[in-house]
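Participant: Work the whole structure out from these sequences, hints included.
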Amino acid sequence: QVQLVESGGGLVQPGGSLRLSCAASGFTFRVHDMSWYRQAPGKERELVAVITRAGDTTNYVASVKGRFTISRDNAKNTLYQQMNNLKPEDTAMYYCKCDYYGAWGQGTQVTVSS
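According to the numbering used here, the stretch in the sequence shown is residues 67 to 180, in order.
A couple of the hints might just be wrong.
Claimed, not checked - Capping the alpha-carbon separation at 25 Å, the derived lysine-lysine pairs in DSS-like fashion look like this:
no., residue 1, residue 2
1, K131, K109
2, K131, K153
3, K109, K153
Claimed, not checked - Label pairs and their in silico Cβ distance ranges:
no., residue 1, residue 2, range
4, R111, S91, 20 to 28 Å
5, Q175, L113, 17 to 25 Å
6, T177, G132, 16 to 24 Å
7, H98, Q148, 16 to 24 Å
8, S180, D139, 27 to 35 Å
9, A120, S180, 34 to 42 Å
10, N143, P107, 28 to 36 Å
11, E112, Q148, 13 to 21 Å
12, Q67, D99, 19 to 27 Å
13, K153, T124, 16 to 24 Å
14, P107, S180, 30 to 38 Å
15, T94, S179, 34 to 42 Å
16, R133, T94, 24 to 32 Å
17, S137, W170, 15 to 23 Å
Hints are computed from structural coordinates only; laboratory data are not their basis.
In this text, a Cβ means the ideal position worked out from N, Cα and C, and glycines have one as well.
Facilitator: Okay, here's the thing in structure tokens:
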């Protein structure tokens, strides 16, 4: 059974940082590309970042380039997202996803507010 469990969200002031984690189980994590998505209230879910299975290629939506870094530890079956210089418009529920299985985690809330 594919399972993804996100953690690391919270309330942070503008300009602050957070590190999200996504613990994966039930599948062979190291052979699949992984993604982070987010969904703000009243908006559609959007793709934020993608990382290839070996971690050697990453892509980001334009709004987070230079501020967010997606990474993975295949030995720990864990996906990460370091988020720096957070802005109020980054406020959203953040989800990790394994596209191959179409599996989603339950999400972790990130709120950027002073």
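Participant: Indicate, hint by hint, whether the structure satisfies it.
Facilitator: Outcome of the hint check:
{"no.": "1", "hint": "K131 - K109", "verdict": "holds (20 Å)"}
{"no.": "2", "hint": "K131 - K153", "verdict": "holds (13 Å)"}
{"no.": "3", "hint": "K109 - K153", "verdict": "holds (17 Å)"}
{"no.": "4", "hint": "R111 - S91: 20 to 28 Å", "verdict": "holds (23 Å)"}
{"no.": "5", "hint": "Q175 - L113: 17 to 25 Å", "verdict": "holds (18 Å)"}
{"no.": "6", "hint": "T177 - G132: 16 to 24 Å", "verdict": "holds (22 Å)"}
{"no.": "7", "hint": "H98 - Q148: 16 to 24 Å", "verdict": "holds (21 Å)"}
{"no.": "8", "hint": "S180 - D139: 27 to 35 Å", "verdict": "holds (33 Å)"}
{"no.": "9", "hint": "A120 - S180: 34 to 42 Å", "verdict": "holds (39 Å)"}
{"no.": "10", "hint": "N143 - P107: 28 to 36 Å", "verdict": "holds (31 Å)"}
{"no.": "11", "hint": "E112 - Q148: 13 to 21 Å", "verdict": "holds (19 Å)"}
{"no.": "12", "hint": "Q67 - D99: 19 to 27 Å", "verdict": "holds (20 Å)"}
{"no.": "13", "hint": "K153 - T124: 16 to 24 Å", "verdict": "holds (20 Å)"}
{"no.": "14", "hint": "P107 - S180: 30 to 38 Å", "verdict": "violated (18 Å)"}
{"no.": "15", "hint": "T94 - S179: 34 to 42 Å", "verdict": "holds (39 Å)"}
{"no.": "16", "hint": "R133 - T94: 24 to 32 Å", "verdict": "holds (31 Å)"}
{"no.": "17", "hint": "S137 - W170: 15 to 23 Å", "verdict": "holds (20 Å)"}
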